[in-house]
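With chain P's structure known, arrange chain D on it following the hints.
Listed here are the chains, written in short residue letters.
2 protein chains.
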Amino acid sequence: MKKIVVGIDIGGTNTVFGLVDENGQILLKENIHTEHFPIPEDLVAVACEHIKRAFASFSKTHELVGMGIGAPNGNFFNGTIEFAPNLKWEGIIPLAKLFEERLNIKTLLTNDANAAAIGEMMFGGAKGMKDFIFITLGTGLGSGIVANGEMIYGHDSFAGEIGHVIMFPDGRQCGCGRKGCLETYCSATGIKRTYSDLLMSNHEKVNLKDKVADAKYIYEKALEGEKSAIEAFNYTGDILGLALANSVAYTSPEAIFLFGGLAQAGDFIFKPTKESMERNLLNIYKNKIKLLPSQLKENDAAILGAASLIWKEIK
Amino acid sequence: MKKIVVGIDIGGTNTVFGLVDENGQILLKENIHTEHFPIPEDLVAVACEHIKRAFASFSKTHELVGMGIGAPNGNFFNGTIEFAPNLKWEGIIPLAKLFEERLNIKTLLTNDANAAAIGEMMFGGAKGMKDFIFITLGTGLGSGIVANGEMIYGHDSFAGEIGHVIMFPDGRQCGCGRKGCLETYCSATGIKRTYSDLLMSNHEKVNLKDKVADAKYIYEKALEGEKSAIEAFNYTGDILGLALANSVAYTSPEAIFLFGGLAQAGDFIFKPTKESMERNLLNIYKNKIKLLPSQLKENDAAILGAASLIWKEIK
Numbered sequence: 000m001k002k003i004v005v006g007i008d009i010g011g012t013n014t015v016f017g018l019v020d021e022n023g024q025i026l027l028k029e030n031i032h033t034e035h036f037p038i039p040e041d042l043v044a045v046a047c048e049h050i051k052r053a054f055a056s057f058s059k060t061h062e063l064v065g066m067g068i069g070a071p072n073g074n075f076f077n078g079t080i081e082f083a084p085n086l087k088w089e090g091i092i093p094l095a096k097l098f099e100e101r102l103n104i105k106t107l108l109t110n111d112a113n114a115a116a117i118g119e120m121m122f123g124g125a126k127g128m129k130d131f132i133f134i135t136l137g138t139g140l141g142s143g144i145v146a147n148g149e150m151i152y153g154h155d156s157f158a159g160e161i162g163h164v165i166m167f168p169d170g171r172q173c174g175c176g177r178k179g180c181l182e183t184y185c186s187a188t189g190i191k192r193t194y195s196d197l198l199m200s201n202h203e204k205v206n207l208k209d210k211v212a213d214a215k216y217i218y219e220k221a222l223e224g225e226k227s228a229i230e231a232f233n234y235t236g237d238i239l240g241l242a243l244a245n246s247v248a249y250t251s252p253e254a255i256f257l258f259g260g261l262a263q264a265g266d267f268i269f270k271p272t273k274e275s276m277e278r279n280l281l282n283i284y285k286n287k288i289k290l291l292p293s294q295l296k297e298n299d300a301a302i303l304g305a306a307s308l309i310w311k312e313i314k
Numbered sequence: 000m001k002k003i004v005v006g007i008d009i010g011g012t013n014t015v016f017g018l019v020d021e022n023g024q025i026l027l028k029e030n031i032h033t034e035h036f037p038i039p040e041d042l043v044a045v046a047c048e049h050i051k052r053a054f055a056s057f058s059k060t061h062e063l064v065g066m067g068i069g070a071p072n073g074n075f076f077n078g079t080i081e082f083a084p085n086l087k088w089e090g091i092i093p094l095a096k097l098f099e100e101r102l103n104i105k106t107l108l109t110n111d112a113n114a115a116a117i118g119e120m121m122f123g124g125a126k127g128m129k130d131f132i133f134i135t136l137g138t139g140l141g142s143g144i145v146a147n148g149e150m151i152y153g154h155d156s157f158a159g160e161i162g163h164v165i166m167f168p169d170g171r172q173c174g175c176g177r178k179g180c181l182e183t184y185c186s187a188t189g190i191k192r193t194y195s196d197l198l199m200s201n202h203e204k205v206n207l208k209d210k211v212a213d214a215k216y217i218y219e220k221a222l223e224g225e226k227s228a229i230e231a232f233n234y235t236g237d238i239l240g241l242a243l244a245n246s247v248a249y250t251s252p253e254a255i256f257l258f259g260g261l262a263q264a265g266d267f268i269f270k271p272t273k274e275s276m277e278r279n280l281l282n283i284y285k286n287k288i289k290l291l292p293s294q295l296k297e298n299d300a301a302i303l304g305a306a307s308l309i310w311k312e313i314k
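So the protein sequences, as listed, match chains P and D.
The first sequence lines up with residues 0 to 314 when you count with numbering that gives the first Met the number 0.
The second sequence lines up with residues 0 to 314 when you count with numbering that gives the first Met the number 0.
Everything labelled a hint here was simulated from the structure, so no lab data went into it.
Because the structure is a prediction, the values reported are computed rather than measured.
Take the hints with a grain of salt, since some may be wrong.
Put simply, identical chains are the same to the list, so a pair is met inside one copy or across any two.
[Said to hold, decoys possible] Pairs of lysine to any residue residues, derived as SDA-like cross-links and limited to a Cα-Cα distance of at most 25 Å, are as follows:
#	residue 1	residue 2
1	K105	Y216
2	K178	Q294
3	K178	K289
4	K285	N85
For reference, chain P alone in the conformation it holds in the complex (with noise of 0.2 Å):
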């Protein structure tokens, strides 16, 4: 019998899973709404039914050996979702507890940034590595960070909040309450403020549309040669990249790995990111870290990554 995982993410609107072969194939997806479960445990109820028909399909040649779930806020040690403000169940939910004792098989739970990031060290680019940090540029930014071949969780599993760093101490008003994090800047909704200001600081035409514009719209306009378009990718670059020559300054990673829609715009927003990156470095780190695209697909990341948490168990 050869071995399969269930992989689970949970998003405030769309809980995606998939069955995971120890060679990072994506043999099944299905999606179902969260929106739709205002209690965690009709979702799980619900989930199940679907996976184990799912896995019928599979139970002649195939044993499933276990789940892993990413999720936000999610405490890996306990199993738990704390809090999470993305999505409607309050308080503290036993996620990993409720699937368990409905699929009776070992299962894990972290948040989204770091099942990615064991995602990118068991099936992609962080192959072999065992210090690397992960950046996802999303609607904000996440990370996960990996040192001695292991995942940081930090005492209470909350580690790796790199977003959250504070990089100008009056900055930008952040989601978090405070002013100045990271994400602010380095992550979609940071790259359309700065895209924004730019459009106005330099007199451009623009309309409402421009500015409502996403990522994806301000990457067509670099491409175009749009002057505000280039200039938000390179400012975001230069704060991403002195954030990342501090954090190098931790853990001295082999390489730093970004994924997510800001990623995908190429030398756009990875030359000033390298640029800026090895111009803040400290001298014994210069010329050292590689700056790496994610290898692993942006549809399936989320559940390759999850189900990642029971692989890297299992190797």
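Just chain D now, with coordinates in the frame of chain P:
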């Protein structure tokens, strides 16, 4: 036979070593002048003679099981000192190998701050902790980061340079060639500069002696109630607290230990540091992270830390 370990600390001026038992007791301590030995092999030869002589009186009851070395720019993976600016030895020195060849015992080497951090874990306040940060506030700011019960060395053994995190991109000139590094503010050197600036801006009567004051002098002035001295500690603590809050976002430690001259100023430095740290911490970390004085004695820490490299392997 009881086990015993040599701990040796290579400093720019002095090399100190001691015999350390499994309880962290230093049974014997000696000192030789590093500067008298322009060639490292000569220092190793003399140190080994001293060590053998020192051990002789314990050889009936004890077995010498290893040697730990704390050294500036120490590379744990290779057992080398690499381009240490404060030593006369140039290039890469395979110091662990040189000692091992003469003493025929397991020899490990790391930088002084990492060694002290492991000392804190084995014999000090971090006993039983798996996640903590150790900060030395000396001429510069050194640090050792422990996560998952292991020292973070990074891919090249040079992780843990929190003193060279850039706090203010156009800040004070640092000895490393960059600007705004944490240690230009939060170290004995940093607070002297702050104090000197404050004396001038506060228009207090100063003489030349004041301007070359050391951290101890500033502490004494603070005890006397001198405004500039108290402000200097507050300013230092304010920046240190922000840096520690940012550090927590990386590894979410159970505790942060402060060691070194500045840390001995008690509440003058701990109070503003703690206040600033709590103010700048992301919500999920607030009121969870202990800020503690190191439990290592100032004079023993270097030897104890070095010896701990071996004790950690044995225990």
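Hints that the structure is at odds with (numbers, increasing): The structure breaks hints 1, 2; every other hint is satisfied.
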